[in-house]
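On the provided structure of chain H, position chain G as indicated by the hints.
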Amino acid sequence: MAARRWSERAPVDYSELQELVEHHIESYNFMVKNGLDVMMDNIKPCRQAKISYTGRFEADVCFQYDGNPIVRQRFNFGQFPIMLKSKLCHLRGADPKKLVSLKEEAAEMGGYFILNGIERVVRCLILPKQNYPMSMSRGSFCNRDDGYTDKAVVIRCAREYTSAFTDQSSITVKLYYLRNGSARLGFWSLFLCSYSCHKALVETTDREIYQNLTCYYDGKSDKTKGAVATQLVGERAKIILDEVRDLSVFTRDDCLQHIGKHFHHVMDGLENETFINKLFSFVDGTSAPDNPDSLQNQDILLPGHIITIYLKEKLEDWLRKAKKLIQEAVSKENFDFTSLLDIKKVLDKNSPSQIGLAVENLLKTGRLVTQTGLDLQQRAGYTVQAERLNYLRFLSFFRAVHRGATFAGLRTTSVRKLLPESWGFLCPVHTPDGEPCGLLNHMTRYCRVTSFFDSQGAVKDFFNIRKSILSVLTSLGMLSALPKVVQAGPPKILSVLLDGRVVGSFPSGEVEKVVAHLRRLKVSRTSVIPDDLEVGYVPLSMGSAFPGLYLFTSPSRFIRPVRNISIPSEEGQNIELIGPFEQVFMEISCPDGGNGGRRDAFPATHEEIHPTNMLSVVANLTPWSDHNQSPRNMYQCQMAKQTMAFSLQALRFRADQKLYHLQTPQTPIVRTSTYMKYNIDEYPAGTNAIVAVLAYTGYDMEDAMILNKSSVDRGMCHGQIYQVGTSENYACIYLALHGIGAFMQLHTETIDLAEESSKNNESRRVFKRSNVNTSVHSTIDSDGLPYVGQMIHPSEPYYSTASVNDISPKPHYRKGSEPVYVDQVGVDMKNGQKVNIRFRHPRNPIIGDKFSSRHGQKGVCSQLWPDIDMPFSGVTGMRPDLIINPHAFPSRMTIAMLLESLAAKGGSLNGKFVDATPFSISVRKNNEESANSESESLVDELGNMLRSHGFNYHGVEVLYSGVYGTELTCEIFIGPVYYQRLRHMVSDKFQVRSTGTIDQVTRQPIKGRKRGGGIRFGEMERDAMLAHGAAYLLHDRLHTCSDYHIADVCSLCGSILSTSFLQPKIFVREFGGLPPARTAKKVTCHACQTSKGMETVAMPYIFRYLAAELAAMNIKMTLKVGD
Amino acid sequence: MEGVSYQRFPKIKIREVKDECMKFELRNTDASIANALRRVMIAEVPTMAIDLVEIEVNSSVLNDEFIAHRLGLIPLTSERAMSMRFSRDCDACDGDGQCEYCSVEFRLSAKCLGDQTLDVTSKDLYSSDHSVVPVDFPDSTGYDSPEQRGIVIVKLRRGQELRLRAIARKGIGKDHAKWSPAATVTFMYEPEIHINEDMMETLSLEEKQSLVDSSPTKVFDIDPNTQKVVVVDAEAYTYDDEVLKKAEAMGKPGIIDIRAKEDSFIFTVESTGAIKASQLLLNAIDVLKQKLDAVRLSDDTVDADDQFGELGAHMRVG
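Taken in order, these protein sequences are the chains called H and G.
Just so we're aligned: the first sequence equals residues 1 to 1123 in UniProt numbering.
Just so we're aligned: the second sequence equals residues 1 to 318 in UniProt numbering.
Treat the hints with care, since some could be wrong.
[Unchecked claim] Cut-off 30 Å, straight-line C-alpha distance, at most; resulting in silico cross-link-like pairs (DSS-like, lysine-lysine):
{"#": "1", "chain 1": "G", "residue 1": "LYS111", "chain 2": "H", "residue 2": "LYS97"}
{"#": "2", "chain 1": "H", "residue 1": "LYS312", "chain 2": "H", "residue 2": "LYS324"}
{"#": "3", "chain 1": "G", "residue 1": "LYS276", "chain 2": "H", "residue 2": "LYS709"}
{"#": "4", "chain 1": "H", "residue 1": "LYS658", "chain 2": "G", "residue 2": "LYS155"}
[Stated by the list, open to error] Have a look at the derived ranges for each label pair, beta carbon to beta carbon:
{"#": "5", "chain 1": "H", "residue 1": "VAL986", "chain 2": "G", "residue 2": "ASP286", "range": "37 to 43 Å"}
{"#": "6", "chain 1": "G", "residue 1": "GLY159", "chain 2": "H", "residue 2": "LEU102", "range": "51 to 57 Å"}
{"#": "7", "chain 1": "G", "residue 1": "SER131", "chain 2": "H", "residue 2": "SER775", "range": "26 to 32 Å"}
[What the hints assert, rightly or not] Heads up, incomplete: computed chain H residues facing chain G, CB under 7 Å, no partners named:
{"#": "8", "residue": "ASP713"}
{"#": "9", "residue": "PRO842"}
{"#": "10", "residue": "PRO845"}
{"#": "11", "residue": "ILE847"}
{"#": "12", "residue": "ILE868"}
{"#": "13", "residue": "GLY874"}
{"#": "14", "residue": "GLY950"}
{"#": "15", "residue": "GLY965"}
{"#": "16", "residue": "LYS1007"}
{"#": "17", "residue": "PHE1017"}
What the hints contain is simulated information worked out from the structure, not anything from laboratory work.
Virtual Cβ for every residue (Gly too), placed ideally from N, Cα, C.
So that you can see chain H by itself, here it is in the shape it has in the complex (with noise of 0.2 Å):
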């Protein structure tokens, strides 16, 4: 029944999964669709082969000379990375079933990129919002030259072709406060004079410059709500105008000339009069200036983004080259532009492959080799390699954004806060602690980052869009911003922009109208404004930020949905997607705060879905996560990452350096309605223990847990690591093996031969066994490869290489320090020369081993404790899995995980599964006001149901003692809690020795656990050894098990150098059967030229090596030896 049970159950949907790294994919897609002209290539397992998952990638390129004929040729820029799932990739659009076929995950995502055999993410990354002006003050703005003050407002602007497209390339620019009341504009390093950029870009007299710049200011209304202008304005507005009468520029021409030819690229989206007035208006301090960190003021970079970036500016070096090569060409004779073939000689030089090349370059590295910085602030640091150690860690290098790498090294923590303007978009809880604490954060559940695509899954055309939305405004009154009249500022009249862009304006009156019906067509499905549109209305205020309505439509915004109550419900549709601009002004009440100190004059127009919208996948997962002291939710947020889970389904056919695998992992009883939602069944992590809260035997102190022997034995948290390669001790093995000293990047256990003969030179080389040497039948197969299954101990010979026309075969032999099976050989099948051996290393639980429940609480295994001894229950029998010490919770007060316990007994009496979404209490009491029902407190639920089984209403049992079978004095919590087993274990990290390798040079032992070093013994040890006495063991530890030494001192010149022995030539005399006898040793001084009043005195050798250091400096040190 069981088995019919599974193959009836319905098509699982993995489409809200998929929908976490649709961003990541969109963005890809975009940028193949409008950027290239992409050829597939064929697909081949690439993570098996070690090798990148890339396509040809050709383009038709023009060449057009003097006028001639267009001459046009297909070129091929070298293979292009595909990311998985993307619309290039073979798996796109495969349902769960034929990405099984395809040896592929039936949930896999896509969304990153395979180089050479290793899944790689490009991460998210913060940026400042795109065209908009934002007011900053930095003292650095000071130093730009003489007469800047430290306040500017800076645009970031993102080009535009044709009104259609944008690719996402973008320029910083910014205006500058003088101290003498003028602006300057500056990006780049050039800077400019604010009129002479203003005259630049419109016909434009000076007249209505003036008239411009002081509109804001109508001469009275210094002081009213709102007012952003000051009579300053009109002065500073004469100051600018005279300034460029001494530059002597008057008409647009001459200004054009004068900023020289740079200036197109950057002019896109730039208003000047806002602008300015913005720049008056915070020098003013009329309105306050933007915060750079908070999330209202910024964009996210998007993988695709960053490649089309990239690429363009790759392919124009290339273009450039190739002109200036042409045209080396042409100044020469007998060459025939029409003529093709000329041409492709010429263009040889310039190799065009090299562009897929840097592509797959950055993505493999991470690093940005670029001349101009492409307005990026790192260099390095943009991919990273995303783990498969579980399923949550592997989603969250999805759902990370970080905020740059500038920004780690900062010593200011104000990046790193968390700010109430990221509410709903990132999540508080899952970010890591430590370094890198505040920077990389998660975005929540349901956020989502806008793109080129509508909902359709057609890209978008912004020009459209725009207009449409123009119109919309027209006919609600808006007063179009050209042609040009002269208009007053705020209070009165609020601009409207669009992306930037002055577009008209409104009078302030209105504008809360205008936004509402904005809002209304934005929800609705027929309008024409597109859903994620963000109508960022920011109202007049005293001295806040600068007024205005910003509307933005551009891609890379984060959006979320939230519920538009104040439209009619019976339209249906009412989840508004709202961006972090407008959130910080919209009115969005949630259902666990009350109405949040939000006053009747300001009622909620908005309401969240749920509470937990504001959380992470992985924080969304934690049962009753409200009921935790919230650090513990951050801890469980990392651990749950680096728990040991069920990793892949299609384990098989995969060639990872490192997965770690849970044998028998199960569902919890206790889970989130999150938990189905993204079918984590697919992927459990973890085991349901029983867990007896009881400080038994003293081995469950200070967080250590007493695991129950036979609960192990029977297979309780089993698991193993599956390993190709053990890394650089294989490079030293071919370095000793050829005696080459060429770098060998070999780093995983994949053994290629050819990549391997081609670098040493050698003939072809081949995987054979040795039939001479027997002793390696036992390990190696007649193939030259290890048997499947079989056991390998350290330094035991499992494969073994051949040249062709070499009849004595060379055995490998294991590194390591402990036992690992076969799991798998992979032989490449195009030459055989190929390979992959997989190893298994059993992990089961021991002594030493991490284990955590879901509510932060990690403890290490102290002791496998017999199952006779742990107390049992009298009623049923029941030993308990897992013992922690009831110290655990006073101070950590995780109620949350003594909920789970209770929830998990009722659910397992049950048979039924408890949900545990946090905050649904609030929610039910909400829809239930009006129903009137009585609510119940969730313990009280929880108690009662324990209480219909028989069992106490706390959770609590009377256990007997499992030594003496007497009742333990008082009465037990105990519970299942789900526990996750973490990736640290004893068994990676032990590090014991008692001799072995030293140094050459100090003859001390060396460090390093792979090395088979010693741990440091180190100065404040010493200390406590001194403050205790134990001068033996002091040195025991220094001295004897260090480099302990037997030095022979000239006691003449007392020195330990010049001592030498004498090879005695003295014939030794056989005698029959009897081994020779030992000669005495002759030692002799080189400088006292005698053999007489040599001692052997005992040191360490350091000292001896001291001496022979300060021997260089021609220092000499004498010891006086006395008694």
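Frame of chain H, contents of chain G only:
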């Protein structure tokens, strides 16, 4: 010293015996004996279990250790185990554990040829000794088809194969849980419940009802005829003190008095099927005796007579 004897004569009264479970009373002894019996039943009664697996072919999805571990956990009928030898001290086979006195060989060979998933179960294990076979569960609850019974070891899809040889050996649960014949052994002190009828009369019916309901297990009830609180099932009491707390909260402490009888125990034994539950008890007593004999006969005991004093004498007598 002489003359004082602490010797007692424990009695066992069997209440219920089935193949796989049993309930009995143990009287006239103390917790140490009861617990010793429990511990021996769990950890020291020998059984047979697969201990050595030689895998010839394994193309299933589970790795070799996993399958070996699963095989080990399959209970084997072990009536003969008491008379068998531990392979470590078997004289007949140099301790390599491959003779009839200490080991039983199993073979398993399964290959899936059809399109349907093949369940390899404990039924596919072929034993060289008909007295040591995987435990058969007679009640087919949950499975409708008779051939589907048995413990699933691994599931094979088309083309996958599992072929192995396994050797079962005698062992005890102390070494590994797979040799434990007992699924659960537990005992509780027999409770003695006294109801103070005089005080109980002072309670109203509702109060009585709430008192009765305060116990999560059904220990008390109200006689529908006399409306008196009566003990219906004293042994359902779990020593949770809920009733006592309730009585105290009602302001009537002492209305009900519950005591544990220090010398009588109610045992529940559940067997894994390796040995019948009744046999398990007998074997446990045998093992316990052997252990005591070992103590009594060892040279140390005689030497340590002074130390043990009358305990040593006691043991030699009994």
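Practice problem: Return the status of the interface hint for ILE847 (chain H): holds when the least beta-carbon distance to chain G is below 7 Å, violated otherwise. | Solution: At about 17 Å, which exceeds the 7 Å cut-off, the nearest Cβ of chain G leaves the hint on ILE847 (chain H) violated.
Exercise. Tell me if GLY950 (chain H) is really an interface residue toward chain G, meaning its C-beta lies closer than 7 Å to one of theirs.
Key: For GLY950 (chain H), the interface hint holds, since the closest Cβ of chain G sits about 4 Å away, which is under 7 Å.
Quiz item: Once the shortest beta carbon distance from ASP713 (chain H) to chain G is found, is it less than 7 Å?
Solution: This hint holds: ASP713 (chain H) lies near chain G, its Cβ roughly 4 Å from the closest one there, short of 7 Å.
Quiz item: Is LYS276 (chain G) within 30 Å of LYS709 (chain H), Cα to Cα?
Solution: Holds: LYS276 (chain G) and LYS709 (chain H) sit about 25 Å apart, inside 30 Å.
Practice problem: May I ask you to test the interface hint for LYS1007 (chain H) with respect to chain G, counting a Cβ-Cβ separation under 7 Å as satisfied? | Solution: violated, 34 Å
Exercise. Using 7 Å as the Cβ threshold, decide whether ILE868 (chain H) counts as touching chain G.
Key: With a closest approach of 4 Å, the ILE868 (chain H) hint holds.
Self-check item: Holds or violated: LYS312 (chain H) to LYS324 (chain H), with C-alpha atoms at most 30 Å apart
Solution: Satisfied, since the Cα-Cα distance of roughly 18 Å is no more than 30 Å.
Quiz item: Per the hint of 26 to 32 Å, is the separation of the Cβ atoms of SER131 (chain G) and SER775 (chain H) within bounds?
Solution: For SER775 (chain H) against SER131 (chain G), whose Cβ atoms are near 43 Å apart, the range 26 to 32 Å is violated.
Quiz item: Regarding the hint that PHE1017 (chain H) lies at the interface with chain G, is the smallest CB-CB distance below 7 Å?
Solution: At about 38 Å, which exceeds the 7 Å cut-off, the nearest Cβ of chain G leaves the hint on PHE1017 (chain H) violated.
Quiz item: Can the suggested window of 51 to 57 Å be confirmed for the beta-carbon pair GLY159 (chain G) and LEU102 (chain H)?
Solution: Check failed, 18 Å falls outside 51 to 57 Å.
Exercise. Compare the distance between the alpha carbons of LYS111 (chain G) and LYS97 (chain H) with 30 Å, and conclude whether the hinted pair is satisfied.
Key: holds, 24 Å
Exercise. So, GLY965 (chain H) near chain G? Judge it on the closest CB pair being under 7 Å.
Key: holds, 3 Å
Consistency with the previously given hints fails for numbers 6, 7, 10, 11, 16 and 17, ordered from lowest to highest.
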